[in-house]
Amino acid sequence: METESFTKTHQATTVTPRTITLSINGQQHALTILPYVSLLDALREYLDLTGTKKGCDHGQCGACTVICDGKRIISCLTLAVMKEGAKITTIEGINHPIQQAFIDHDAFQCGYCTPGQICSAIGLLEEGKVKSREEVKDSMSGNLCRCGANQQIIDAIMQVKGGDNE
Amino acid sequence: MTQIGQPISRLEGKLKVTGAAKYSGEYKVPNLLYGYVVSSAITKGKIIKIHTESAEKIKGVVKIFTHLNRPGKAWFDMQYADMDAPPGASFRPLHNDEIKFNGQPIALVVAETFEAAREGASMIKVDYQETKFQTDLHSNLAAARDAKKGMATLLKPPPPKPTGDFEKAYAESDFKASGEFIHSTEHHNPMELFTTTTLYDGKGKLTIYDKTQGTINCQLYVGNVFGLHFKNVRVVSPFVGGAFGSGLRPQYQLFLSVMAALDLKRHVRVTLDRSQMFSFGHRPQTIQHTRFGATQEGKITALNHTSVAETSQFEDYTENVTNWSSMMYPADNTLFEQKLVSLDVNSPMDMRAPGGSTGLHAIEATMDEISYKLNIDPLELRLINYSTFNNAEKKPYSSKELKACYLQGAEKFGWYKRSPQPRSMSRGQKLVGYGMATGIWDAMQLPARAEAIITKDGKLHVKSAVTDIGVGTLTVMTQIAADEFGLNMEDVLFFYGDSKLPFAPIQGGSFTTATVGTAIVFASKALKKKLLKIAKTSNEAFKKAEIEEVTFKNGMMIYKDCSISFLEIINTNKDKPIRTTNFGYPHALKLRKYARAVHSASFVEVEVDQELGTIKVTRALTAVAAGRIINPKTARSQVLGGMVWSISKALMEETIMDAQLGKYINQSFAEYHIPVHADINELDVLFVQEDDKIINELGIKGVGEVGLVAMPPAIANAIYHATGKRINRFPIHFDELMES
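Protein chains in written order, with numbering that gives the first Met the number 0: chain A, 0 to 165; chain B, 0 to 739.
It is worth saying that the hints were derived from the structure and are not from the lab. Some hints could be false.
Listed next, the in silico SDA-like pairs over lysine to any residue satisfying Cα-Cα at most 20 Å (straight line) [said to hold, decoys possible]:
#, chain 1, residue 1, chain 2, residue 2
1, B, LYS21, A, GLY92
2, B, LYS615, A, GLU134
3, B, LYS499, B, TYR26
4, B, LYS264, B, ASN231
5, B, LYS13, A, ASN24
6, B, LYS21, A, ILE102
7, B, LYS27, A, VAL36
8, B, LYS21, A, LEU46
9, A, LYS130, B, GLU681
10, B, LYS575, B, GLU450
11, B, LYS202, B, GLY226
12, B, LYS632, A, GLN158
13, B, LYS499, B, PHE582
14, A, LYS70, B, THR17
15, A, LYS86, B, THR17
16, B, LYS56, A, VAL14
17, B, LYS632, A, GLN99
18, B, LYS528, B, LYS543
19, B, LYS27, A, ASP47
Using C-beta positions, here's what the derived DEER-type ranges look like [unchecked claim]:
#, chain 1, residue 1, chain 2, residue 2, range
20, A, SER131, B, LYS147, 51 to 59 Å
21, A, VAL80, B, ASN68, 34 to 42 Å
22, B, ILE664, A, VAL159, 34 to 42 Å
Away from chain B, derived, C-beta distances all over 12 Å, residues of chain A [claimed, not checked]:
#, residue
23, THR20
24, HIS28
25, THR77
26, LYS128
Bear in mind that the values here come from a model prediction, so they are computed numbers and not experimental data. Ideal Cβ placement from N, Cα and C applies to all residues, glycine included.
Next up, chain A with everything else stripped away, as it sits in the complex (with noise of 0.2 Å):
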C-alpha cells in the first residue's frame, strides 16, 4: 500500500516545467517553472522579487498580498502559470501616498507585514466600497501585524482615504 502511494505521488513530480510569461510591475518576464510553483514562490525564489513575504504560505496571514488585474489577492494561493497575461503589481512597482503615510505615522515596526499592509490598502482604496474607519477595519483584517501597529496602519490609511474618520 505504502509503496503504490509513494510511486503516485513520484509521478507527479514527472511533470515537465513550463515556460510562462509574467507581467509585473509593467515588465515581461519568462521563466520556467513547474506548474505547482505559487506566484509568491515566482516573485521571491525565481525573479527576486522579495519585497513580497512569505508569513505561512496559506493563505491566513495576508503578508504575501499583491494587487493583480486591480484587485488583491493572496499571492501564495496562487499558482504563477494562472497568471499568464494578468497585470501584477508588487511592492516594487508602487509608488503611492500610502507609503509615506505608512511613514508618518510609524505603521510598521519589524516591516515584515507591511507590503502585504500596503498593497491591501491600495486595492482596498481603488475598491472604493468601504467608507468608515470601521469599515476599513474589517476590510483590512485579512492582513495580520504581530509588532502590534494596527492603529497606526488604520490611521495611515484613513489619512490617505480622507473622509470620515470615526
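Assemble chain B onto chain A, guided by the hints.
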C-alpha cells in the same frame, strides 16, 4: 536642536515601505540550495528507520541529512550553549535517534529548488518506537521542583527570600483575597518565518544571513558547534521580521543551514514553515496562586505568590513570575515560590515580557479583588500602598514616577467617571466595565562596545553588532550619537546587525537602548578627547583647552570664541579617519545602592455583550514612566505593540496542547488567534516626565516590555467590573461570560 526627544520617523522606513529591505531569506545567491526540515510526528521515543529512498529519487534533491549521516560536530553539550541558554544541556539537532518533543527536526532534505526540497520532505517516512510521555502540566504537579541554577540566574534571580511570618499575618489580616491563575502556552509567531542563508565561500569562511536577536550570539554558537574560528564566521542580520524573544537563542534552522553548507560546500538556505514555528521556544504554561492580606485601611500586610511552570526534560528554563509584588507593594510578611515541572516539550524561552506579563496578571487581579472587598477604588488602593522603596531589594528606586502615571493616566482616560459597583454601567445591550492595573519591568543594562569614527569627509559613523528587530534601534542610536556631537541626523551613520562590528549582547529584556546607547556615549567621549588632542597639535587656540570646556556643534569643535571643523582636524590627521572603540557599562558601585525599574499604569474599558458574552476592548490607555524617552514616536509604537499583545494575551492567543498526542494542535495562523485590525480600537499612550540621574548617562530605562505587563490584568479587571465575574484563566473566552 537636540535629536533626543524628537519624534523622528524610522530611518529605514523607506526601505520597508518599498520592499527594498532584505530579510535573512531574501539575499540573491547564485546556485543556492534549499533545505526543508522533516519534523518528528511523535512526542517521545526513538527513530527506528527513516525511509529516504522515494525522496532521493526526486529530481533536484541533492542530499538528505539525518542523525545517521550528519557530519561530525562538537561532542560536548557545553559547546551548544548560547548566551541565553538556561541551565541544562542545549538541544542538539540530528544528534541521535532520540525524540524529545513533538515536531523535533529529524531530517533535512536539501535540493536545487524549494519545491523539490519540500516535496522530498513530504515523502520521507519514518518508523518510530514510541514511549510514554507527559505534556500536561496540570496532571504532573506532583513533580514540581526547584529550578537548577546557572549563568541565566544572574539576569533572572530567584524570588526574594521570605520575610516576617506570612501565614500568621495572612490569617490575622482584616481582608483577604486569593486566586488560582492559569496561563496557556504561547508561541512568538513573528511574521517572518525563521530562515538562515549560509554562504560558503570555498575558503572556509561563512557569511550567514540569520533571523536573530543576536549576531554575535549566533557567531559564537556556530563557531563552537562546528569547530570554526570565530573570525571565519560572520552573521549578518540588518532586518529582522519580528522576533519577540524567539531570536534570543540560535534556532535549529541556523544549525541545519550551516551543517549542510559545510558538508556540501554550497550556499544553503533553510526556512521553517509556519507549523514548524511552533516547534521551538515558547512562553511556558503556568499555574499561579496568590494570597494577599490587607488591613481595614487597605494596607497590604501579607503577600504570597507561587508559580509552577513547565520546562523541557533537558533544560531548566525559568522566568521571574513571582518576584514582582514585593517590588511594588511594601508588605512586611512575604512568601514567594517558583517551581518547575519537566515535560516532554521543547524548552520554553523568553517571550515578550517573560514572567512579568504572567505574574502581574495574578498580582494585579488579586489587588483588584481586595479593592472590591474593601470598597476602595482600585486606583486608590494602589496609592495607599505606594512606595518609592523596593521592599524586595531593600533599596530605594533610582526614580519612580508611577504616581504620575496613575494620576495623569486616570485623568486622561476618564477613570473617575467609573461607577464603583460591578454591573452598574451599560451601553445598550452591552455591559461596560473599567479596569486598571499597575505594570513594572526591570530597567537593566549590560556591557557593550561601540566604535565611533569621524570619517574623511567629516561625518560621524557609529558601529555596534546589535540588531534592530523592528523596535527602532537604528533611529534611536543615530539620535544619541548625533547629540553627542551636536550633529544633524543626516551627518550620522549607524552600522549594526553584523557580528564583525563591536560586541553587543542579545537584543531583549528592554535593555538594548540603555546598553548600546551608553556604549555610544562612552565611545563618543573618547573620540572627542582624541579630536581635541589632534586639534591641539595644529591649532594654537585649543592648546589650553580641557575636554570639559569644549563643545561640539554642526561638525565643529568649539572652545571659547574659537572653532575648528572636523575636516580641519582630519586634515591634521593626514586625512585619515579618527576612531575609537570603547566599552560602555553600568556604574556598578553607584547603582548598588538603588533598585531600578520602569513602571506603568493601564486603564481599560470593555464592553461585554449581555447575551453572547463577547468581549470588546473599546479603549485603553497606558501611562509609562520609563526615564528619558529618546524617540517618542518609536517608543509610543513599542508600547502600543505591547497593548495589542495585551489584548491578545488576555482574550485570544494560546497554543493548545493535546495531551493524548503530546502535540500542539493549532499550529497555524488560522487557529492560533492574534488580534486583527478589527479587534483593535482606541489605544492611547502617555509618557510621564521621569528624570533619572542615577541609572545611566542618558537616563534611559527601556520600553520594550512595559506595554505588556499592566494591561492584561487591567482587561481582566474591567471584565469583572462589567460583569461581576472574575475569570482567572487566560485567554478569557466569551463562553465563560455567557449568562446561564
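So, going through the hints one by one against the coordinates:
1. B:LYS21 to A:GLY92: Distance ~16 Å between LYS21 (chain B) and GLY92 (chain A) Cα, so the pair holds.
2. B:LYS615 to A:GLU134: 16 Å, holds
3. B:LYS499 to B:TYR26: 19 Å, holds
4. B:LYS264 to B:ASN231: The hint holds at about 15 Å.
5. B:LYS13 to A:ASN24: Since the Cα atoms of LYS13 (chain B) and ASN24 (chain A) sit roughly 19 Å apart, the hinted pair holds (cutoff 20 Å).
6. B:LYS21 to A:ILE102: 18 Å, holds
7. B:LYS27 to A:VAL36: 18 Å, holds
8. B:LYS21 to A:LEU46: 15 Å, holds
9. A:LYS130 to B:GLU681: 18 Å, holds
10. B:LYS575 to B:GLU450: OK: LYS575 (chain B) and GLU450 (chain B) at ~16 Å, within 20 Å.
11. B:LYS202 to B:GLY226: 15 Å, holds
12. B:LYS632 to A:GLN158: Status holds; Cα separation ~17 Å.
13. B:LYS499 to B:PHE582: 16 Å, holds
14. A:LYS70 to B:THR17: At roughly 19 Å apart (the allowed maximum being 20 Å), THR17 (chain B) and LYS70 (chain A) satisfy the hint.
15. A:LYS86 to B:THR17: 19 Å, holds
16. B:LYS56 to A:VAL14: Holds - the C-alpha atoms of VAL14 (chain A) and LYS56 (chain B) are around 14 Å apart, at most 20 Å.
17. B:LYS632 to A:GLN99: Measuring from Cα to Cα gives roughly 15 Å; hence the hint holds.
18. B:LYS528 to B:LYS543: Holds. LYS528 (chain B) to LYS543 (chain B) sits at ~13 Å (cutoff 20 Å).
19. B:LYS27 to A:ASP47: 7 Å, holds
20. A:SER131 to B:LYS147: 51 to 59 Å: At 56 Å between Cβs, range holds.
21. A:VAL80 to B:ASN68: 34 to 42 Å: 36 Å, holds
22. B:ILE664 to A:VAL159: 34 to 42 Å: 41 Å, holds
23. THR20: 20 Å, holds
24. HIS28: 15 Å, holds
25. THR77: 15 Å, holds
26. LYS128: Since the minimum Cβ distance to chain B is about 16 Å, LYS128 (chain A) lies beyond 12 Å and the statement holds.
In this structure, every one of the numbered hints holds.
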